[in-house]
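*Asks:* Single-letter residue listing:
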Amino acid sequence: MDDFYKEYILDHYRNPRNFGVLEAPTATAEDLNPLCGDRIRFDLMVEDGRVTDVRFSGKGCAISQASASMLSESLRGQKLEDIARLTKEAVLENVGIGISPARMKCATLGLKVLKTAALGEIASWPDEEKPEAGASA
Amino acid sequence: MIAELDLRAARIARDFPILALPTSRGKRLAFLDSAASSQKPQTVIDALVHYYTHDNANIHRGVYELAERATEAFERAREKVARFVNAAEPAEIVWTRNTTEAINLVSFTWGLANLRAGDAILTSQLEHHSNLVPWQLLAAKTGAELRFIEVDAEGLHELDRLDEKLRGVKLVALSHVSNTLGTIAPLETIVPKAHAAGAVVLIDGAQSVPHFPIDVRALDVDFFAASGHKMCGPTGIGFLYGKRALLDAMPPFLTGGDMIREVGYEHTSFNEIPWKFEAGTSNIADAVALGAAVDYLESIGMSSIVAHERALTAYALDRLAAFEPRGLTIYGPKNRAQRSSVISFNFADIHAHDLASILDTEGVCVRAGHHCTMPLMEKMGWPATARASFYLYNTEQDVDQLIFALEKAADVFKIK
Chain A
1 MDDFYKEYIL DHYRNPRNFG VLEAPTATAE DLNPLCGDRI RFDLMVEDGR
51 VTDVRFSGKG CAISQASASM LSESLRGQKL EDIARLTKEA VLENVGIGIS
101 PARMKCATLG LKVLKTAALG EIASWPDEEK PEAGASA
Chain B
1 MIAELDLRAA RIARDFPILA LPTSRGKRLA FLDSAASSQK PQTVIDALVH
51 YYTHDNANIH RGVYELAERA TEAFERAREK VARFVNAAEP AEIVWTRNTT
101 EAINLVSFTW GLANLRAGDA ILTSQLEHHS NLVPWQLLAA KTGAELRFIE
151 VDAEGLHELD RLDEKLRGVK LVALSHVSNT LGTIAPLETI VPKAHAAGAV
201 VLIDGAQSVP HFPIDVRALD VDFFAASGHK MCGPTGIGFL YGKRALLDAM
251 PPFLTGGDMI REVGYEHTSF NEIPWKFEAG TSNIADAVAL GAAVDYLESI
301 GMSSIVAHER ALTAYALDRL AAFEPRGLTI YGPKNRAQRS SVISFNFADI
351 HAHDLASILD TEGVCVRAGH HCTMPLMEKM GWPATARASF YLYNTEQDVD
401 QLIFALEKAA DVFKIK
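These protein sequences, in sequence, are chains A and B.
Going by the working numbering, the first sequence wraps up at 137, each residue one higher than the last.
Going by the working numbering, the second sequence wraps up at 416, each residue one higher than the last.
Read the hints as simulated data drawn from the structure, not as lab findings.
Positions of the beta carbon are idealized from the N, C-alpha and C atoms, including for glycine.
Watch out, some of these pointers could steer you wrong.
[Stated by the list, open to error] Pairwise CB distance ranges (calculated):
(1) A:E73 with B:K334: 39 to 49 Å
(2) A:T26 with B:D160: 46 to 56 Å
(3) B:D318 with A:D82: 50 to 60 Å
(4) A:A90 with B:F148: 41 to 51 Å
(5) A:A90 with B:I260: 53 to 63 Å
(6) A:E89 with B:E68: 56 to 66 Å
(7) B:E68 with A:K88: 48 to 58 Å
(8) B:E188 with A:E73: 54 to 64 Å
(9) A:R14 with B:Q42: 39 to 49 Å
(10) B:R28 with A:T26: 48 to 58 Å
(11) B:S269 with A:K88: 54 to 64 Å
(12) A:T26 with B:R336: 54 to 64 Å
Next up, chain A with everything else stripped away, as it sits in the complex (with noise of 0.2 Å):
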């Protein structure tokens, strides 16, 4: 447990980067988490094929906050090819927490937004899984 919560994702989570919106995003996307309401949304300022300009906002646990925050920091600059080779590996290693499967979707839901924003169609990277359905009382 003591690896559970690391310092600089409780400093993420309270003193989130990158924190708002762009008032003209060329991008943007927002997603939930039905299964405990998570929400996040990535605004892009996207020219000649690179990122300018980058904020995200949302609501929801501290994984999922910090986890988009820390993704924010590395987008300026990036070009969009950068951006689909992200990974949800590379992702959970910056979280450096070990995910359990039921937290998993909160730690990539940022990432998820992230491509969504920056490439468009879901559909174009396979890594992704279907959010599941809501649980049960």
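Position chain B relative to chain A; hints supplied.
*Replies:* Okay, now just chain B, sitting in the frame of chain A:
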């Protein structure tokens, strides 16, 4: 008295083999999610094994002894459930998969046959999706209007405008006990008024029948839906109670085998209730095991269960209240007589899912999220809550373990 009840609960917990198993981290299991699904006593597990080992055959068909025994066990279980909720006769108990299917049965049969444009359906703002979505669809199909009894900030039903809301209402559909807030619905006020207004009353009893003695005739409800798996029974079996006159008049739901009287190429006549609503081979083994669950609950006594859960919930509320200065918020009715053994809460800025994950590392199972009541969460402005729920096998030790784990969460999130 409280110590005595707790000792008894500790003895009861030994009837549930899963509760003796440590978690993968070697922690004692504190199972505080019975509102989602209860654990099963050995007698229920044995009933499943016994049925498949000794009595298994299809029912209502075979003339051989084994089939007669299976049919007997299946119908005996129905009698037990009928007696447990004090139905007038076993024929008023229809087996379903769960509460959701029972409610859908009413929506698709009674609902489509009886509702028209201009009619209204009245439910409340704290319903589980299972007692909301079927009525949204029924309203859309029939042109009926869907209305809501509002709830206040504590999750208590606001009844001052009830008479006005009941005008033109054909169906009142309410949960007996809220799965999110534990609110016990004031049925003694609502049901007579609903009947006086000419409405039929359906009660979602998923969260009440496991915890309180239920008398459907004293409550005077027309339909009562429940799930076996929340009352020590297996998953995949639930039931719908309906008054005979209503069930008799209703068209069938699913159609096919077992629910027929006579079938020709062009026309079919239907079986009597309850079998009219039980198309195809039923979930025989799970129905039989639900009968064993009823036996088990009766052997403990529902009034003892009520007394124990009240005492334990009060203990938990008191211990949780000690965290309030550090940002813990307890939701639901403040008057403890108006709530069941469900406690929803949030702790400072820790998201409920993070909290549940941390509690899990200490062996404490709580539910976190919207509890299938998204409109209620939206209305209250809560993105998610953590929920601890208690049952007959929970003890003060489980609550103490929850409190210990909350201290750990405070530590991780640096809450002073």
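*Asks:* Run every hint past the structure and note whether it holds.
*Replies:* Checked hints:
| no. | hint | result |
| --- | --- | --- |
| 1 | A:E73 with B:K334: 39 to 49 Å | 44 Å, holds |
| 2 | A:T26 with B:D160: 46 to 56 Å | 53 Å, holds |
| 3 | B:D318 with A:D82: 50 to 60 Å | 55 Å, holds |
| 4 | A:A90 with B:F148: 41 to 51 Å | 46 Å, holds |
| 5 | A:A90 with B:I260: 53 to 63 Å | 59 Å, holds |
| 6 | A:E89 with B:E68: 56 to 66 Å | 59 Å, holds |
| 7 | B:E68 with A:K88: 48 to 58 Å | 56 Å, holds |
| 8 | B:E188 with A:E73: 54 to 64 Å | 58 Å, holds |
| 9 | A:R14 with B:Q42: 39 to 49 Å | 47 Å, holds |
| 10 | B:R28 with A:T26: 48 to 58 Å | 54 Å, holds |
| 11 | B:S269 with A:K88: 54 to 64 Å | 58 Å, holds |
| 12 | A:T26 with B:R336: 54 to 64 Å | 56 Å, holds |
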